[in-house]
Structure formats: C-alpha cells, structure tokens
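Undergrad: Each chain is listed here by its residues.
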Amino acid sequence: MIVTKNINFYYGDFQALKNITMSMDANTVTAFIGPSGCGKSTFLRLFNRMNDLIDGTRLEGECLIKGKNIYDKSINIDALRKDIGMVFQKPNPFPKSVFENVAYGLRVNGIKDKKFIADKVEETLKAAALFEEVKDKLHKSAFELSGGQQQRLCIARALAVEPSILLMDEPASALDPISTAKIEELIHELKKKYTIVIVTHNMQQAARVSDKTGFFMLGELIEYSDTKKMFLNPDKETTQNYITGRFG
Amino acid sequence: MKHNEKEMKFLRDEINEMWRLVISQIEKTKQALLTNDVELALEIVSLEKKVDAYELRLDSNCEHYIALYNPVAIDLRLVLSIMKISITLERIADYAAGVARYVLETECQPFTDKMKEILKLEKMFDILLSMMTASLVSFNSENAKNASRILAKDKGIDDIYSSSIDLLSEQIGKDHNDARCGLEMMMVIRKLERIGDHCSNIVEEIVFYIEAKVLKHKGKREV
Ligand SMILES: Nc1ncnc2c1ncn2[C@@H]1O[C@H](COP(=O)(O)OP(=O)(O)O)[C@@H](O)[C@H]1O
Ligand SMILES: [Mg+2]
Numbered sequence: 118m119i120v121t122k123n124i125n126f127y128y129g130d131f132q133a134l135k136n137i138t139m140s141m142d143a144n145t146v147t148a149f150i151g152p153s154g155c156g157k158s159t160f161l162r163l164f165n166r167m168n169d170l171i172d173g174t175r176l177e178g179e180c181l182i183k184g185k186n187i188y189d190k191s192i193n194i195d196a197l198r199k200d201i202g203m204v205f206q207k208p209n210p211f212p213k214s215v216f217e218n219v220a221y222g223l224r225v226n227g228i229k230d231k232k233f234i235a236d237k238v239e240e241t242l243k244a245a246a247l248f249e250e251v252k253d254k255l256h257k258s259a260f261e262l263s264g265g266q267q268q269r270l271c272i273a274r275a276l277a278v279e280p281s282i283l284l285m286d287e288p289a290s291a292l293d294p295i296s297t298a299k300i301e302e303l304i305h306e307l308k309k310k311y312t313i314v315i316v317t318h319n320m321q322q323a324a325r326v327s328d329k330t331g332f333f334m335l336g337e338l339i340e341y342s343d344t345k346k347m348f349l350n351p352d353k354e355t356t357q358n359y360i361t362g363r364f365g
Numbered sequence: 352m353k354h355n356e357k358e359m360k361f362l363r364d365e366i367n368e369m370w371r372l373v374i375s376q377i378e379k380t381k382q383a384l385l386t387n388d389v390e391l392a393l394e395i396v397s398l399e400k401k402v403d404a405y406e407l408r409l410d411s412n413c414e415h416y417i418a419l420y421n422p423v424a425i426d427l428r429l430v431l432s433i434m435k436i437s438i439t440l441e442r443i444a445d446y447a448a449g450v451a452r453y454v455l456e457t458e459c460q461p462f463t464d465k466m467k468e469i470l471k472l473e474k475m476f477d478i479l480l481s482m483m484t485a486s487l488v489s490f491n492s493e494n495a496k497n498a499s500r501i502l503a504k505d506k507g508i509d510d511i512y513s514s515s516i517d518l519l520s521e522q523i524g525k526d527h528n529d530a531r532c533g534l535e536m537m538m539v540i541r542k543l544e545r546i547g548d549h550c551s552n553i554v555e556e557i558v559f560y561i562e563a564k565v566l567k568h569k570g571k572r573e574v
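Heads up: the sequence lines are chains A and B, in that order.
One point on numbering: in this note's numbering, the residue at position 190 of the first sequence is 307, and numbering is uninterrupted.
One point on numbering: in this note's numbering, the residue at position 177 of the second sequence is 528, and numbering is uninterrupted.
Since the hints were derived computationally from the structure, they do not count as laboratory data.
Heads up, some of the hints might be wrong.
Subject to a maximum C-alpha distance of 20 Å in a straight line, what follows is the list of computed SDA-like cross-link-like pairs (lysine to any residue) [said to hold, decoys possible]: (1) 346/A <-> 417/B; (2) 357/B <-> 345/A; (3) 564/B <-> 357/A; (4) 345/A <-> 467/B; (5) 346/A <-> 427/B; (6) 360/B <-> 363/A; (7) 360/B <-> 353/A; (8) 564/B <-> 176/A; (9) 353/B <-> 346/A; (10) 346/A <-> 423/B; (11) 345/A <-> 418/B; (12) 346/A <-> 563/B; (13) 353/A <-> 564/B; (14) 496/B <-> 350/A; (15) 346/A <-> 565/B; (16) 357/B <-> 362/A; (17) 496/B <-> 352/A; (18) 360/B <-> 352/A; (19) 467/B <-> 545/B; (20) 346/A <-> 567/B; (21) 357/B <-> 364/A; (22) 345/A <-> 423/B; (23) 357/B <-> 346/A; (24) 346/A <-> 561/B; (25) 564/B <-> 350/A; (26) 346/A <-> 564/B; (27) 353/A <-> 494/B; (28) 346/A <-> 431/B; (29) 353/A <-> 561/B.
A few chain B residues that don't get close to chain A, going by computed Cβ distances all over 10 Å [as the list claims (entries may be wrong)]: (30) 353; (31) 355; (32) 372; (33) 382; (34) 414; (35) 421; (36) 424; (37) 426; (38) 461; (39) 484; (40) 504.
Backbone N, C-alpha and C define an ideal beta-carbon position, used for all residues, glycine too.
Just need the whole structure built from these sequences, with the hints factored in.
TA: Okay, structure coming up:
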C-alpha cells in the first residue's frame, strides 16, 4: 500500500531521515515508535506531502502509494490528501457545529444533496464510535465536546471523504485513559476498511493497536517487524534497550 | 539501579533461593533413601511447605511485576520463565517429598545394597542433581549454550528407568509374595524419572528466556 525506497529528508542542512526503505500493508495498523525527535512525524508527513508546506526541505528517494510515486509531477495533491486522511496529536475541530465538522469535507468536494450529507454524517459518526454520544448535540459547537470526543470527531471528519489511508500522529497522547481506550478500540475497528499508520511515543499503545511496528532512532529505521515479535523478541539490541527502558 | 531493575533482581534472588532449597531437598532425599534415614525423611517432608510458600510468593510477585512494569522483550521472557520455573520447582519438590514419605511409611524392607546397585539409584540422583545445578548456573549466567548437554542427561535417567522396569518385573515374577514391595520401589523410581522430565522443562524455559526459542514438544534430539 505504502512503499518507501531509500528516503533521505533534509530540513535545510539537517538530515532528519536517513535512507529509509519500508513497506506498509493494506488493512493493517503500522506503528512508528522511537525517542522524540527521531523523525517519526517527519516520515509520516511524507505520505500526504505535508512536508511540502515547510520551506527549505529536500527529499531524496521514492514514496509509492498504491504503486504511484506521490512526488511525481502528475500527482494531484488535493486528490492525494483526500485519499489520505490525517489526525493530529491535539484535537483540532473547526469552530463549527459537530455536524458541519463532518459535513465539511463533503461540501468542499461539491456535494450538495442534503439527504446524502445527513446520512453520510451519521454513518461516519457511527464509524468513529461517536454517534451515540453526540446525536443530541449535532448542531452544538464542536468545542462543547470533551477532548476524547473532539478527537473522534476529527477522525470522523477525516473518514467522511472516504480515504483509504489514515495517518495518525500521537492521536491519544493528550487524552485520558478512557478516551485513549476508545480511540484504540476504534483503530482496531477501522483497520478492516483502512490502512492505518500511527505515530506514538507510548510503546504499550503501539503494542496494543498495531500489527507491525517500526522503531526509529536518529532518523534511521532500526528495526521493523511484527509487533508481537518486536515486543517479545526484538532482533536488535538497540530496540531491546529502548523498549525495556534501559536507555539513559 | 533503576527501581524496576531492583524489583527484577528481587525476583531473581527469590527464584535462586527456591532453586537451592529444592536442590538441597533432592540431596537430602538421596541420603534418606540410600541410608534409610527416617529423621531426615521427616525433615524433607516438613520443608516441603517452605517450597510451597516460595511458589505462592513468586507467583504473586511476578504478577505484580507484570501489572506494574509492563515488561517487554527479554524482561517479559524472564518474568514468564520465573513463573513457570517456580511452578516446576514446586512439582520437583513434591516428588522428592513423595520419596521421603516412602521412606517414612513403607512396610517393606529397605533397599538392599544389591538392589541399590542394580537399580542404579545413586547414579540417578547424581544425574538429577547435576541437571538441577547446571540449569541454575545456566539461568544465572544467561547462557543457554549447555542446554542441550543438560537435556541429554535426562536420556540417562530414562534409560535407567526403563531397565528398572525390566529388573523389577522380573523380580516380581520370581517372588509373588514380594509383589507389593516391588511395585512400591517402582513408584519411587518413577518419581525420580518425573523429576528428570521436569528438570528438562526448566531447561526449555531457560532457552526461551535467553534465546526466545521454543523447544517444547519438539523432540530433544533436535536441540
Ligand atoms: N519544521 C522543522 N524545521 C526544522 N527542523 C525540524 C522541523 N520539524 C522537525 N524538525 C527536526 O527534525 C527531527 C525529527 O523531528 P520529528 O519528525 O518531529 O520527530 P518525532 O516525531 O520523532 O518526535 C528533529 O530533530 C526536529 O528538531
Ligand atoms: Mg512527532
């Protein structure tokens, strides 16, 4: 689904990613773990070309999604971002109603059929395991929801335009354990339909939600394997030292 | 040392104490059986409770370690192997106490020197003791290199066990009046053979802990 080949990435002179070759499968959850500043978010942002927005950056290597190099000139960036949803660490709903947050992407894409939009909003809120909690507040401001609910709303907003890939950058790190558990449960549910890549600094979370885990350090991919293997019997000493907390 | 490392060292220390206690139980059992020492047999039976207490304590301490520290990789394998080893040590101690009870309760004549000789009782105990000691060394030094050598020793136990079946059934065939005592002897030897099997299980746990390899139910020859 997502394949990277010999990726090097630079912020000015600083090389944030070093020769990363990796392949992520469809309908699986891939987690990136590693100490902060190791390049997880930078790598994730490559997949929907979010790094393009930062001045002075440079990319070498290839990033193929569904077999196409997404950095090719022929790529339509809006279509790419529609196909690849992203959820951030801090919930960032628009200052609109719950309903309009989810409907937004549909409207932007030119859909006007009210019945279709209403059905789609409900369906998506259900997919994000939020509908029951907000069905009486659909027209209230999104900011009236709790942090965990806001985050699920952001997931719903991303899902509304029917992407095939969902990128999540520490989606639960600002949430309490109950909200975190709901998000993790949701991730399990969503992988049936979507390909999910999640960055987390919480190793136990990676262990709980992902099928495969990539361990990054100082811009390098140190180890990439099945999550079960990674947490029972990692190949590399460095991985073992990191996940058992033997560093520092 | 970090806090979780201290806790882990505590688990290691406890399993070490339990392991040594069980080794000394086997040493005493050897002595008690070979010299028909009733006093010593009583001591073994009373120390069995101490072994049981270690098992209960280790079980709950390992549970707490897992709950509080969420161990992964080698730490997880270590805690899991400590739990299983402590259960196995307890079983081994059970068999040793069973042999001690035989010494206390049997109405048969003690094993004659000749019987001890042909049943290779002393040899059996010595193999078991060397298996138990070598596996403890292997656990503590985190070195599974001699695992296959320890496992091979169990073969020696199995050989003695099957020739004992032949010898004792022949004996019972000759002297029907003594059948009961022959069977009781057989049960003692069976217990020693079981200790050997459990010792092999411990070695398999050590290999899992150190090398993350699963040897169980694979046939010991492949190791
Ligand atoms: N916009 C930026 N400009 C310059 N350097 C950046 C920028 N974003 C990230 N970096 C640097 O790139 C490295 C990787 O950052 P990041 O991908 O955010 O790491 P992680 O997500 O693993 O914590 C860090 O050293 C960080 O300082
Ligand atoms: Mg980050």
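Undergrad: Checking each numbered hint in turn, tell me which of them this model violates, lowest number first.
TA: Hints 2, 4, 7, 8, 9, 18, 23, 30, 31, 35, 36 and 37 are the ones this structure does not satisfy, whereas the remaining hints hold.
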